[in-house]
Each structure stands twice: as C-alpha cells, then as structure tokens.
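Required output: the full structure, derived from the provided sequences and hints.
The residues making up each chain are set out below.
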Amino acid sequence: MRTDLKILRTVIFRKWVQEPILPLVLIIIIAVGVATFYSVRLANRAAVSGFNLFTESLTGESDLTIRSPSGFLQENKIIEISKVTGSLPIHYYPVIETSAFYDSQLMKIIGIDLISLANLSSISSSSASLEIGTLNEESIDFVDSAFLPEKFLESKSLAKNDSFKIRRESFSYEFKIKGSISNSPFRPSVPPNLVLMDLKEAQKVGSFEGKVTRIDAYIPEGPLKNDFLKEAKLRLQKWASNNNSIVDTSGDQKKAITQMSSAFRLNLTILSCLALMVGTFFILQSMEASVIRRRKEIAILRSLGVTPKKIFRIWLTESFIIGIIGSILGIILGFFFAQGVVRGVVSTVNQLYYEITSSGASMNWGEALMAIIFGVVVCLIAGYLPSREAAKVQPASATQSGIKGGGSLLFLTPKWGFTLLLLGCAFSFIPPITINDKSIAIGGYLSALFFVVGWSMFCTILFPIIAKKLPGSPSSLYAKSQFRRPKGRHRLATAALVSAFGMSSAMGILISSFDKTLNSWINQVLKADVYIASSRGNASSANLAISSKTWSQFTNETETEGMDLLRQIRITFRDNNVWLAGTERNNQSERKLELTWIIQPENNNLEDGQAWISEPLMRKFSIKRGHSIEIPTPEGFKNLIVKGVYADYSNETGTIMVNRRFIKEFYKDNSITNAAIYLKPDMDPDIWVNLIQSKFPEIFVRTNKNLRADSLKIFKQTFSVTYALEAIAILIAVTGLGLTMTGLLLERKKELENLRQIGTTRNEIAKSAMYEGLTLSIIGSLGGIALSLCLGWLLIYRINVQSFGWTLSQSIPFQSIFLLAILMLSIGAAVSWFVGKNTCKRNII
Amino acid sequence: MLEACKIKKSYLTNEVLRGVDLKINEGERVAIMGPSGSGKSTLLNCMGGIDQPTDGSIYFEDVNLSKLSEEQLCELRRKKISTIFQFFHLLPTLTARENIEFPMLLESVNASDRKKRTNELLDAVKIDHRAEAFPDQLSGGERQRVAIARSLAMRPKLILADEPTGNLDSSNTESILDLIQHLSSAYDIAMVLVTHSKKVTEICDRTINISDGLVIENED
Amino acid sequence: MINLHKGTSLIMISVFFLIGKCFAQKKWSYPSKDYIYEFPRDHGSHPNYKIEWWYITGHLQGQSQERFGFESTFFRIGQDNTSDIYLSHMAITDINDQSFHHEERVNKEGWNAFSKSKDLDLKNGNWTLKRLKNNSISLKGSIKADYLIDLELTPKKPLVIFGENGISKKGASKTAASHYITYTRLGVNGKIRYNKKTLDVTGSAWMDHEISSSQLDENQVGWDWVSVQLNDNREIMAYVLRNKDGSISEFSKLVWIDEKGKLNHQSPKDFHWKQGGSYKSKQTGADYPINPSFTTVDPKDGVRRKFIIVPLMDEQEVPGKIGGVPYWEGACDVKDNNGNIVGKAYLELSGYSGNLKERLN
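Here the protein sequences come in this chain order: V, E and Y. For what it's worth, my numbering labels the leading residue of the first sequence as 1, then goes sequentially. For what it's worth, my numbering labels the leading residue of the second sequence as 1, then goes sequentially. For what it's worth, my numbering labels the leading residue of the third sequence as 1, then goes sequentially.
Check before you lean on any hint, since a few could be wrong.
Claimed, not checked - Straight-line C-alpha distance at most 30 Å; calculated BS3-like pairs for lysine-lysine:
no.: 1; chain 1: V; residue 1: K468; chain 2: E; residue 2: K116
no.: 2; chain 1: Y; residue 1: K191; chain 2: V; residue 2: K233
no.: 3; chain 1: Y; residue 1: K116; chain 2: V; residue 2: K200
no.: 4; chain 1: V; residue 1: K750; chain 2: E; residue 2: K80
no.: 5; chain 1: V; residue 1: K83; chain 2: Y; residue 2: K116
no.: 6; chain 1: Y; residue 1: K133; chain 2: V; residue 2: K83
no.: 7; chain 1: V; residue 1: K211; chain 2: Y; residue 2: K116
no.: 8; chain 1: V; residue 1: K225; chain 2: Y; residue 2: K196
no.: 9; chain 1: V; residue 1: K468; chain 2: E; residue 2: K79
no.: 10; chain 1: V; residue 1: K238; chain 2: Y; residue 2: K130
no.: 11; chain 1: V; residue 1: K77; chain 2: Y; residue 2: K133
no.: 12; chain 1: Y; residue 1: K118; chain 2: V; residue 2: K200
no.: 13; chain 1: Y; residue 1: K197; chain 2: V; residue 2: K230
no.: 14; chain 1: V; residue 1: K204; chain 2: Y; residue 2: K118
no.: 15; chain 1: Y; residue 1: K27; chain 2: V; residue 2: K176
no.: 16; chain 1: Y; residue 1: K140; chain 2: V; residue 2: K83
no.: 17; chain 1: E; residue 1: K115; chain 2: V; residue 2: K468
no.: 18; chain 1: E; residue 1: K80; chain 2: V; residue 2: K749
no.: 19; chain 1: Y; residue 1: K140; chain 2: V; residue 2: K225
no.: 20; chain 1: Y; residue 1: K196; chain 2: V; residue 2: K83
no.: 21; chain 1: V; residue 1: K233; chain 2: Y; residue 2: K130
no.: 22; chain 1: Y; residue 1: K118; chain 2: V; residue 2: K77
no.: 23; chain 1: V; residue 1: K176; chain 2: Y; residue 2: K321
no.: 24; chain 1: E; residue 1: K198; chain 2: V; residue 2: K749
no.: 25; chain 1: Y; residue 1: K191; chain 2: V; residue 2: K83
no.: 26; chain 1: E; residue 1: K80; chain 2: V; residue 2: K837
no.: 27; chain 1: E; residue 1: K67; chain 2: V; residue 2: K749
no.: 28; chain 1: V; residue 1: K238; chain 2: Y; residue 2: K321
As the list claims (entries may be wrong) - So the derived label-pair ranges between C-beta atoms look like this:
no.: 29; chain 1: E; residue 1: S170; chain 2: V; residue 2: S473; range: 34 to 44 Å
no.: 30; chain 1: Y; residue 1: S117; chain 2: V; residue 2: L234; range: 31 to 41 Å
no.: 31; chain 1: V; residue 1: S826; chain 2: E; residue 2: T13; range: 44 to 54 Å
Stated by the list, open to error - Covered by chain E, per the in silico footprint, the following chain V stretches (three or more residues, Cβ under 8 Å):
no.: 32; stretch: 469-477
no.: 33; stretch: 758-767
No lab work stands behind these hints: they were computed from the structure. Keep in mind that this is a model prediction, so the values were computed, not measured. Cβ coordinates follow ideal geometry from the N, Cα and C atoms, glycine included.
As structure tokens, then:
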C-alpha cells in the first residue's frame with residue numbers, strides 16, 4: 001500500500017504537475033458531464049418535491065386521503081367515514097381547494113375547519129400547527145374572513161381588517177383579512193398565493209356548498225400509530241370500494257400527480273447522460289495515450305520489480321482520482337447550473353402538468369452521491385482498458401526505442417460495429433415494460449445505445465476512403481498515412497464525434513418532427529377565430545370554470561357564427577389522473593374543428609354512451625375501439641363505448657372525450673373550461689377580444705393567431721433544456737477532438753521533430769495535423785448523420801410513442817444538420833491546426 | 001564548404017562546446033570522434049542548423065547559418081544538408097518508398113521525377129525489393145538504407161551522419177559503410193560522420209577528435 | 001393582538017375569552033331552585049346554559065396488578081354567534097410506569113362534536129360518552145397513539161345532586177352557581193390498549209355533570225377539589241374556593257355521601273382543609289400543593305377524622321394549551337391519620353397558573 005502511494009506520488013502526481021493540461025482537461029470533462037447530469041437530477045427533483053399539496057404548508061403531510069375519482073366528494077360522507085373508523089384516533093379534515101383571482105393573480109383557496117386545526121399540536125410533539133400572525137381576539141367567528149401569507153400582505157400593502165376581494169367566473173367575493181400566515185420550520189413554505197378560510201367560507205367561492213375536494217386524515221404519533229394506520233386503511237378501503245371513493249396516502253396522491261411529468265423527466269435524465277457518455281470516449285483515449293507515452297517509465301518500473309497487478313492498481317487509481325476530483329467539481333458546478341435548469345424544467349412542468357408550489361433547486365446529497373458515483377464509474381470504465389494495457393508492458397520495453405502500436409482499443413473495428421447495429425435493430429422491436437405504472441421504453445433505450453456505439457465503430461471503415469480524398473501534398477501524405485493503420489485513439493476520437501454529432505442531430509430531428517407535427521395539428525384543430533379559457537394554460541387550475549350565465553353571453557347574432565364548448569375535469573381512471581372532456585359543437589360556420597384521427601370513428605358525432613379517447617390514453621391502457629370503459633361520476637361509474645382515437649399533443653396523461661350532455665347529466669355541471677368562437681366574416685377578432693375581455697376580465701381570451709404563438713412558445717420552452725444539453729455535448733466533442741489531436745501529436749513528437757529535421761516547416765506540420773483532424777471530423781460528421789437518422793427514427797417511432805404515446809410525422813432539419821457538420825469540420829480543422837502548430841517548438845531541440 | 005569558427009554551446013550551466021573550429025571541404029568524408037559527452041552530436045546538430053550555437057558562427061557556402069530565418073534553415077535542410085540518425089528516424093506510417101520520396105514532396109518535385117529518383121535510390125541502396133514495407137517491417141540494416149536513400153533524395157551538398165552504424169550489427173555495419181563510401185563518392189557529397197567506431201574512420205579522409213568540447217586533433 | 005408561539009394554536013385563548021364577551025350579548029339561563037330534574041334527559045346537554053361539563057375520573061387495575069388512573073372531560077361552551085365549542089381532555093396515569101399521558105382537543109358543534117340533549121350522548125372526535133340501554137355508560141377514548149380505552153361504567157349507587165335545592169352555589173352572586181349531578185361510584189369494566197397489547201381492566205369511577213352559565217365570583221381565583229371513594233362504600237366530595245387574598249371562600253363545601261347515597265353537606269366551619277406538598281410544573285411554572293389533607297366530622301359517628309391525599313405520581317398536570325387553563329388532576333390514595341390507606345381519590349387543583357376566573361366568567 002505504501003509502495004503504491006509512493007509510486008502514485010512520484011509517477012502519477014509528479015507527471016500531473018509537469019504536464020498539468022491533460023489531467024486538467026480530463027477533470028473538466030468529467031466535471032461538465034457530472035454537472036450536467038446532477039443539474040438535471042436536481043431540476044427533476046424540484047419538479048416533484050416542489051409539488052406539495054397546498055395544505056401541507058399548513059398541516060404537514062396527512063396519513064390518508066379520501067377522495068372521489070370524479071372530482072368532488074359529498075361533504076356528508078364524513079359522517080359515514082368517521083363511523084367506519086369508530087374509536088380509532090383519527091383526525092379528519094375535510095378540505096376544499098379551489099381558485100379565484102385577486103386582480104389578475106391566481107389565488108389558491110384552502111378551506112378547512114380552522115378551529116379543528118388547533119388539534120394538530122396534540123397529534124405530534126414535533127408538529128407545529130398553523131401559525132397565524134395576528135388573531136382577532138374578539139371572535140372565533142370566521143364568516144367572511146380570510147387569512148393570507150405574510151409575504152403576500154406585505155407585497156400588496158394589505159393589513160389586518162382590510163377588505164380582500166376575489167373574483168371567480170363572473171362573481172365577486174369580499175372578505176375581511178383576519179390575520180396572516182407565517183412560515184413554519186416544520187412545513188414546506190406557505191405558497192405566496194394561498195388564501196386560508198374556514199371550510200364553509202371557502203365552499204361559497206364557486207358554490208361548492210355540500211362538497212369537499214377531499215378528506216385528509218391524520219393519526220397521532222405514538223407506538224400504536226402504524227397499527228392504527230393499518231386498521232384504518234383497511235376499514236376505509238372497504239368502505240371506499242362500496243362508495244365510489246378512493247383512499248390513498250398523500251404520498252400516493254402526490255405520486256399520481258407528479259407521475260404525469262415522469263416521462264418528461266426520465267427523458268431529460270437520459271439526455272443529461274449524453275455529455276458524460278461522449279466524454280467517456282475521450283477520457284478513455286486520453287488515458288490510453290498517456291499509458292502509451294509512459295510505456296518506458298512503466299517498463300522501468302517493471303524492470304525494478306513492480307508487479308503487473310500493482311501497475312494496474314496504480315493506473316486505475318489515477319482514473320479514480322480524476323473521477324473523484326472531477327465529480328466533486330461537477331457537483332459544485334452542477335448546483336449552479338441547476339438554478340438555471342430548474343427554471344426551465346419547472347416552467348415546463350407548471351405549464352403542462354401541475355403547479356409547483358415551491359421551486360429552486362436545493363442541494364441534495366443523495367443525488368450528489370449518485371452523480372459522483374456515476375462520474376467515478378465512468379472514469380473507472382474509461383481507465384480500465386488503459387490500466388490493463390499498462391500492466392501488460394514488459395520490462396524489456398525500457399530499452400527499446402520507438403513507440404509501440406495502438407493499444408487495446410483496436411477492437412473498435414467496423415466488424416464489431418456492424419454487429420452492434422444489428423443488435424440495435426433487433427432491440428428496437430422490443431415492447432416497453434411497465435414499472436410502477438410507468439411505461440419505460442427499455443428496448444428503445446438499449447437500441448439507442450447499440451446504435452450509438454455501433455455507428456461509432458462501424459464508420460471507422462471510412463478512414464482509408466476519406467483519407468484518400470485528401471489533396472496531394474507532403475502534409476496530406478503524412479496525414480493520410482496515419483489512417484492506413486489507424487490507432488485506437490483515432491477510432492475513439494471518431495466514435496466520440498459520431499456519438500455527439502449523432503445524438504445532437506437526432507434531438508434536432510425529434511424537435512423538428514415535433515414542430516412539424518404540432519404545426520400541422522394546430523392548423524387542423526385551431527380553426528376558430530377566438531379561444532376562451534377559464535384560466536391560463538396552467539394545468540392545475542382547471543377547477544376554474546366559466547358558468548353558463550357567463551358563457552351564454554359570448555355569442556350573439558350580429559357578431560358570431562357559432563361556438564364550440566368544452567368542459568374538462570380531472571378524474572381518476574384506472575388509478576391514473578386523466579382528463580374527462582365534455583364537448584359540444586354549436587358551429588354554424590363552415591370552418592369546423594377537425595380532429596386528427598388515429599382510429600377514425602364511423603360517425604363524426606359523439607353520441608350518448610360513447611367516448612373518443614386520445615392516443616396517449618389508448619397506448620397507456622391498451623384500449624381499442626369497441627372497448628367499454630368505466631368513468632367515475634358523482635352518481636357512480638358509467639360505462640361508455642370507445643368509438644374513436646384522436647391525436648392530442650396537449651398532454652400525455654390522456655383524455656376521454658364525451659358529449660357535454662354526459663357532464664351535465666352526471667356531474668350536474670353546465671359550466672365550461674374552454675370555448676372556441678367563430679366570428680362573422682366582418683368581425684375583427686382583435687376588437688372582439690378586447691370587448692369580451694373588458695366585460696369579463698377574469699377569463700382568458702386569445703385570438704387564433706395569439707394562441708398559436710403561445711402554444712409554439714410553450715413548445716419551444718419545453719425543449720430549451722434539450723438545446724442546452726445538445727450544445728454541451730457538441731462542446732465536449734470538440735474539446736475532446738482537441739484533446740485527441742494533442743495526444744496523438746504529443747505521442748508523435750519525435751516524428752514531428754524528424755519532420756522538422758528533414759526540412760518540414762511548422763506550418764506544414766500544422767497543415768498535416770489539420771488534415772488529420774479534418775478527416776476525423778468528416779468521418780465523425782458522416783457517421784453522425786447516419787446515426788442521427790437511426791436515432792431519429794427510434795425516437796419518433798419507438799421511444800416517443802412508448803413514453804408519451806404520441807405519433808409524430810418525421811421531419812429532418814437538413815439545413816441544421818448541414819450547418820452542424822460545417823461547424824464540426826471548421827472547429828475540428830481549426831483546433832487541429834492550432835494543436836499541430838503548437839506541438840512543434842520553434843527550436844527543434 | 002562549411003566552416004565552424006569558435007563554436008560554443010551551453011545548455012543552462014553546462015558548456016558542451018567550448019570553442020570549436022573546423023572546416024569541411026567539398027566531397028570529403030570527415031569523422032568526428034570523442035568520448036561520450038564530448039559534444040560530438042551537439043556539434044553535428046549545430047552544423048546542420050538543427051541547433052543554434054550560443055557563440056561563434058557556422059558558415060555554409062559562405063552563408064552564416066545564425067543569420068538565416070526558420071524558413072531558410074528548413075530550405076537548407078531540405079536541399080543542401082541532410083542528416084542520417086543512429087535510430088534511423090523514419091516516419092513509421094510511411095512505406096520505405098514514401099519515406100524516400102518525402103523530401104522531394106516537400107520541394108514539390110513532380111510525380112514522375114519523384115518516382116524515377118526514388119527508384120534510383122532504392123536501387124542504389126539495394127532495398128528495392130522492400131520498397132512497400134513499413135519501417136517496423138524492416139530490419140535495422142534495411143531501415144538505415146532507407147534513411148540513407150532519403151538523405152540523398154534532394155542531392156544535398158553535405159550529409160551529416162550521427163553514429164550511422166551505432167545500432168547495427170557488424171555485417172550490417174560493413175555493408176552500410178560500404179554504401180556510404182560508395183554513394184558519397186558517386187554523388188560527390190561531403191559527409192561528416194560522428195562515431196565511436198574505428199571502422200567508420202577507415203572510410204573517412206580525416207578524423208577530428210573532440211574532447212571536453214574542444215577539438216584536440218585533426219588527423220588525416 | 002396575540003402573538004402565538006410554535007406549538008400553540010390558533011384557538012389558545014379565544015375560546016374562553018369569548019365566553020365573557022358573549023355574556024353581554026346572549027341571554028343565558030342560570031341554575032334556579034325551581035329547576036325540575038328529569039332523567040335521562042338531564043344527563044344530556046343543556047344548550048340554554050353557557051357552560052357545561054361531563055367529568056369522569058377513576059382508578060383501574062389490570063389482572064397482573066397494573067394500575068392506572070384516568071380522567072376524561074367533555075366541555076360544552078356555548079357561543080352567541082356561532083356553534084357551540086367542544087373542548088375535551090383525556091389523561092391516563094400509568095402508575096406502574098410512573099408516566100402521565102394526556103391529550104386535548106377542540107371542535108365546533110357539527111359532525112365531529114356534539115352533545116345530545118335528550119340523553120347522555122357525547123362525541124368529540126373519536127372520544128364518546130354514551131348511556132347504554134342497560135343504564136351503563138360507555139366511555140371510549142384515546143390518547144394520541146399511546147392509549148386506546150374502551151370502558152363501561154355501571155352506576156353502583158344512586159345519582160346525587162349536590163347543593164341546596166338542587167343548586168351548588170360557588171359565590172355570593174346569583175349567577176355563581178351550577179346544577180351539579182354526580183355518580184359518586186361507578187364500577188368499571190373494559191379494555192386498555194397500549195404498548196402493543198390489550199389489557200382487561202376493572203375499577204371504579206366518579207362522574208360529575210355540571211351545568212352553569214358562570215362559576216366563580218369576582219374575588220375567587222381557583223379551587224382545590226377532591227373526590228374520595230372510601231373503602232367502606234362511602235364517598236366524600238370537597239372543594240375549596242380560593243380567594244385573591246389567599247383566604248378560603250365561605251362557599252367552599254365538603255359533602256359526605258353515605259352507602260345509600262344520602263348527602264351530608266359541610267361548610268368551611270365544619271371541615272378544615274390544609275394545603276400540603278408542592279409540585280412545580282416545568283411547563284407552566286405553577287406550584288401545586290399536591291399533598292393536602294383535611295379534617296371533617298364523620299356524620300356516621302360524629303368523630304372528627306383526618307384524611308391525607310397522597311398523589312400516586314407528582315407529574316399529573318394537564319397543561320391546557322388549547323383551552324388556556326392548566327390544572328393538576330391526579331390519581332391519589334387516601335390515608336388516615338395512622339397512615340393506613342382508606343380509599344382512593346382524584347384531586348384537582350386549578351387556578352395556580354394564569355387567571356382562571358377570567359377564563360370561566
């Protein structure tokens with residue numbers, strides 16, 4: 001052990017001090033790779049942990065929740081429920097969660113029995129019950145009263161006893177501010193838009209009298225807690241199964257909601273590995289080069305009696321140390337990256353899935369450890385072969401001159417590459433597997449891996465072909481000659497370029513295909529002139545609706561030709577959160593909404609007892625046309641026959657479309673969440689929008705043009721993180737190319753000196769390096785293009801379909817790919833020239 | 001042809017050459033002998049423009065080498081002065097033929113002339129049957145023949161050879177020395193050979209002994 | 001303005017503050033000598049009275065000599081503008097373990113808390129007190145997730161009504177009085193679930209039911225109260241109302257209950273209460289005299305007897321964080337002058353912290 005450390009210190013670390021650039025660059029590559037991975041993991045965490053049920057900031061996490069799969073629960077169920085658990089010590093809190101607007105700000109209203117809240121301090125010694133800054137000691141009468149967060153009151157210059165007016169649909173509600181809510185160290189922070197009221201008061205807002213969103217149940221701490229919880233859950237689940245209700249924990253609930261973004265987050269995580277993966281190639285070849293350059297040293301060590309095992313250990317330790325240092329640096333960098341990444345991810349999740357109540361990436365040591373392990377493992381993998389190579393050096397090499405061949409990487413031959421390509425094709429046909437209700441395109445991911453490695457190896461077949469095309473000159477002859485018997489490092493450098501180029505371009509193909517599909521879909525579905533919604537596109541606030549009193553005022557004979565109506569409700573369908581959408585078309589206009597059909601129904605009208613489902617729903621639950629599905633409603637489960645399947649890119653959680661009569665009849669709900677208005681030809685949409693908006697300030701009104709622009713903006717935003725990751729991959733690839741060329745030329749230093757000795761100028765040597773680098777870049781680009789086409793196909797027709805359930809039209813952004821290739825070639829040539837020029841010293845000796 | 005006046009060369013605090021004077025005439029073969037560390041190879045490098053003396057001047061064809069630019073020195077090494085090394089220093093990724101051709105490529109000699117000259121040289125060094133082999137496929141003697149052929153490619157005026165037989169066995173040594181002798185006479189090329197070997201001095205017109213960075217004697 | 005600290009709740013003091021305020025606003029009934037008691041109706045709630053409580057204390061033992069004291073209280077507090085508030089306490093003294101466990105809760109009248117007015121049927125969360133068909137009383141409760149109790153209390157002696165003419169006066173003011181109904185001795189059978197086991201228990205209990213709209217006079221700051229169950233099947237109930245100046249109010253009382261349930265009331269002239277012992281609460285800072293004694297003339301034989309109340313554990317304070325009224329309520333043994341155990345008792349000491357009068361008036 002001591003000998004190992006001594007050798008490590010003298011042979012490895014001293015070399016680092018003498019030639020710091022190489023280890024530094026390796027550390028930076030690892031750091032960037034780990035930072036990318038870690039920042040995405042933190043952002044993903046924020047997207048999940050940032051989602052708290054709003055009540056948690058007040059009460060902490062409940063032990064059980066009772067809710068209805070069809071939305072609201074009848075309040076009087078609480079009497080039955082409390083009888084079911086009898087004398088078990090369970091504290092029940094019926095909760096209303098609803099929304100309203102204060103000016104234009106969306107406020108989340110929580111209604112809960114404020115007096116009963118006091119009991120939470122009895123439940124747990126560590127639980128702090130609600131802290132309210134001030135209380136009107138004269139009364140515990142909470143009629144027309146509300147409590148607001150301290151920060152909100154400060155920001156709006158409001159105080160106790162001030163009036164607080166909110167609007168919901170076309171109704172206005174006025175409350176007196178009774179006090180403030182401050183943060184508790186034992187709870188998630190109070191969301192700044194929270195409004196707390198007594199249950200009865202909150203029920204008034206939106207007319208939810210007699211209804212609650214759910215009932216939370218808490219069991220006190222103590223040695224019998226788990227027993228009580230088990231008993232209670234058993235009894236309640238039995239009750240629930242006979243009463244159209246669901247019992248789960250708040251953890252289950254959060255999981256069900258955050259599950260909605262799981263495919264998105266998983267794909268982001270996989271993408272984040274891209275940088276590290278590309279970096280692995282370069283780390284491997286750099287370490288290999290380093291071993292070969294130090295072959296003499298190693299031979300001397302061997303001739304002094306150091307065993308091969310020790311050599312292997314020492315060289316692997318070098319990899320390990322680079323991995324550790326790089327990974328730790330990566331964690332620090334990653335934390336800072338994460339602050340930017342989290343904004344992108346959270347914004348996307350907010351827009352598409354659910355509202356995140358607290359955001360900001362915080363350091364997570366579990367994820368940090370995972371990222372460090374990942375970085376170290378990558379380094380160890382990269383260092384394994386070179387370390388084995390080092391161990392194989394014979395003592396006799398100490399006396400030999402010249403540098404021996406290409407090392408252990410020569411297995412990266414086109415033959416192996418072709419084999420992997422075949423495997424990739426085979427794996428692409430494997431169907432997805434389901435883990436925890438999540439569909440994972442395992443075949444697709446493995447296939448992608450095989451394609452990446454396969455193409456990287458296979459395209460080295462192009463070495464002699466491309467090399468032949470170089471112009472005839474001493475510089476190009478010398479460059480060409482390198483590819484007759486290409487070294488392992490050449491193959492690796494090419495592999496890295498192919499994978500970086502290929503993966504980045506594949507993402508480009510995916511994005512371009514999305515763009516095309518989305519544009520086409522938008523053109524198809526957005527036919528109306530004006531679109532009205534009860535709230536901004538934020539998925540969580542969809543319990544806001546527009547009453548019939550309001551929406552009936554949208555149309556009149558002079559201005560409008562017709563109106564399509566939609567009422568969306570979140571329901572639990574087969575343990576998943578999906579949308580139930582009631583639709584009604586009242587359009588006398590010739591322009592009609594046309595859905596894009598995956599399975600076209602026989603009849604274009606949606607009749608009673610029928611449903612159309614979205615493609616993601618079809619794929620998630622393997623539902624076919626003609627199947628019967630059970631829909632939960634306040635009046636029990638209703639069966640509907642699936643008649644058609646349509647494309648829907650607005651969400652991947654799935655939608656069940658029914659006639660709006662279904663909603664009216666079984667939900668007793670005549671409100672809507674969306675309307676599409678067809679104006680008369682002479683009506684200016686912008687003017688009409690202004691008129692309606694001024695009349696109904698709390699609803700969202702957009703012209704067709706604006707809505708398209710907004711939709712596409714959201715789409716671009718969702719890919720903003722992807723673009724960043726692509727750029728990082730290319731950066732690493734190009735950095736790696738410079739590293740490769742440096743390594744190769746350093747290794748051939750003596751040769752370069754010889755060239756100078758026989759009269760070759762520095763410029764000619766630089767040109768030769770440039771040709772060599774250019775050859776690698778060309779092959780990298782060509783191979784990358786081939787890889788991108790394969791990966792693009794895989795992403796569009798396999799991974800995307802299996803993860804999100806969407807069918808996309810393929811679109812290849814030839815221009816972008818071409819530009820990327822030019823960029824790669826230019827940078828490759830420039831970097832190689834620079835390295836070549838600087839490797840030759842002014843003085844030959 | 002070549003005159004070195006009071007050549008001094010130091011590396012940091014180590015004075016390797018302490019004031020060397022010598023002359024090389026056209027067509028003559030001169031051996032430079034001396035113990036290890038006497039400065040022989042350093043002197044050779046200075047003569048070939050590969051290294052710069054810290055003091056003194058070297059004139060080649062009345063041109064002071066220290067006054068030449070990098071480009072001019074390269075040109076000199078391509079056309080007028082070439083070097084043969086103990087360890088051959090062939091480009092490992094080029095074949096024997098390509099190694100020989102390389103200096104001609106640097107001077108943009110056209111393809112047919114290049115081919116002709118290369119074949120001539122391959123024949124001259126008796127290595128034509130191994131023209132397409134790579135250096136790692138050749139024996140030591142064969143490699144040195146290729147190196148010699150390469151050094152003749154541009155018909156230099158002066159060839160500097162640093163221990164040309166230092167890495168060869170005795171039979172190869174003899175044949176290489178014969179070759180050197182023959183070619184230098186045939187092409188009227190001056191040669192300076194740094195050596196430990198008495199055999200090398202036998203093919204030379206005179207021997208210069210160097211010790212401790214100074215010329216001790218100049219023997220005929 | 002009230003600043004609330006961590007661990008205290010929204011309702012800390014307001015519940016009781018409200019009472020005073022409401023007094024001015026709503027017309028509440030007061031105990032009157034014309035009141036006609038009717039049972040089981042009067043076991044139930046009296047909504048026209050402002051404050052009412054059902055109070056059970058008792059001693060339990062298991063089959064293997066496990067010993068417990070328990071207390072369960074249900075308060076109903078009338079409101080002017082909103083529904084009644086129900087404040088309840090439950091406490092268990094595990095004497096073998098020398099540990100004290102308690103829980104407090106508050107709910108407003110509704111699905112989770114109510115008291116029926118036609119019979120004894122109370123609920124506050126999962127705590128219930130209900131008269132059964134066989135005239136026994138079911139008490140079910142819990143203390144956090146530490147204890148679960150399920151007891152059946154069977155009256156062993158007739159119901160008694162304390163005070164003259166059915167009114168128990170607490171002060172000179174007309175309103176400082178209550179209707180005070182008590183089962184002085186109930187046999188108990190039931191189960192206690194704790195420490196992952198369920199224990200069968202038996203024992204005896206005492207149940208008070210007081211109905212009033214005000215309790216204390218201006219001058220009074222609290223009381224010391226004891227219920228004693230002697231081994232000879234007789235009981236003693238005594239309360240000493242403490243004045244601001246440290247003296248004892250003339251309205252303090254001691255009542256003997258004989259084997260047949262006949263009452264013998266004694267005024268402070270006839271009995272002498274002496275405070276003793278000290279337990280200083282770390283939580284509230286109150287200093288409780290937990291080892292009092294009293295002398296009284298035994299109506300059976302006219303002999304003056306001395307009884308010493310010996311707590312089975314010092315730390316039996318209910319901090320009253322929600323109600324804002326801390327008090328000490330503990331299981332005790334009763335010893336005679338010779339040191340012999342002659343019975344069991346529950347001692348209640350209130351008003352040693354804060355201002356009880358303000359809370360109750």
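We went through each hint and held it up to the structure:
no., hint, in the structure
1, K468(V) with K116(E), "holds (23 Å)"
2, K191(Y) with K233(V), "holds (23 Å)"
3, K116(Y) with K200(V), "holds (23 Å)"
4, K750(V) with K80(E), "holds (22 Å)"
5, K83(V) with K116(Y), "holds (17 Å)"
6, K133(Y) with K83(V), "holds (20 Å)"
7, K211(V) with K116(Y), "holds (26 Å)"
8, K225(V) with K196(Y), "holds (10 Å)"
9, K468(V) with K79(E), "holds (28 Å)"
10, K238(V) with K130(Y), "holds (27 Å)"
11, K77(V) with K133(Y), "holds (28 Å)"
12, K118(Y) with K200(V), "holds (28 Å)"
13, K197(Y) with K230(V), "holds (16 Å)"
14, K204(V) with K118(Y), "violated (33 Å)"
15, K27(Y) with K176(V), "holds (28 Å)"
16, K140(Y) with K83(V), "holds (13 Å)"
17, K115(E) with K468(V), "holds (19 Å)"
18, K80(E) with K749(V), "holds (24 Å)"
19, K140(Y) with K225(V), "holds (18 Å)"
20, K196(Y) with K83(V), "holds (24 Å)"
21, K233(V) with K130(Y), "holds (26 Å)"
22, K118(Y) with K77(V), "holds (25 Å)"
23, K176(V) with K321(Y), "holds (27 Å)"
24, K198(E) with K749(V), "violated (33 Å)"
25, K191(Y) with K83(V), "holds (20 Å)"
26, K80(E) with K837(V), "holds (25 Å)"
27, K67(E) with K749(V), "holds (27 Å)"
28, K238(V) with K321(Y), "violated (37 Å)"
29, S170(E) with S473(V): 34 to 44 Å, "holds (41 Å)"
30, S117(Y) with L234(V): 31 to 41 Å, "holds (35 Å)"
31, S826(V) with T13(E): 44 to 54 Å, "holds (47 Å)"
32, 469-477, "holds (count 3)"
33, 758-767, "holds (count 6)"
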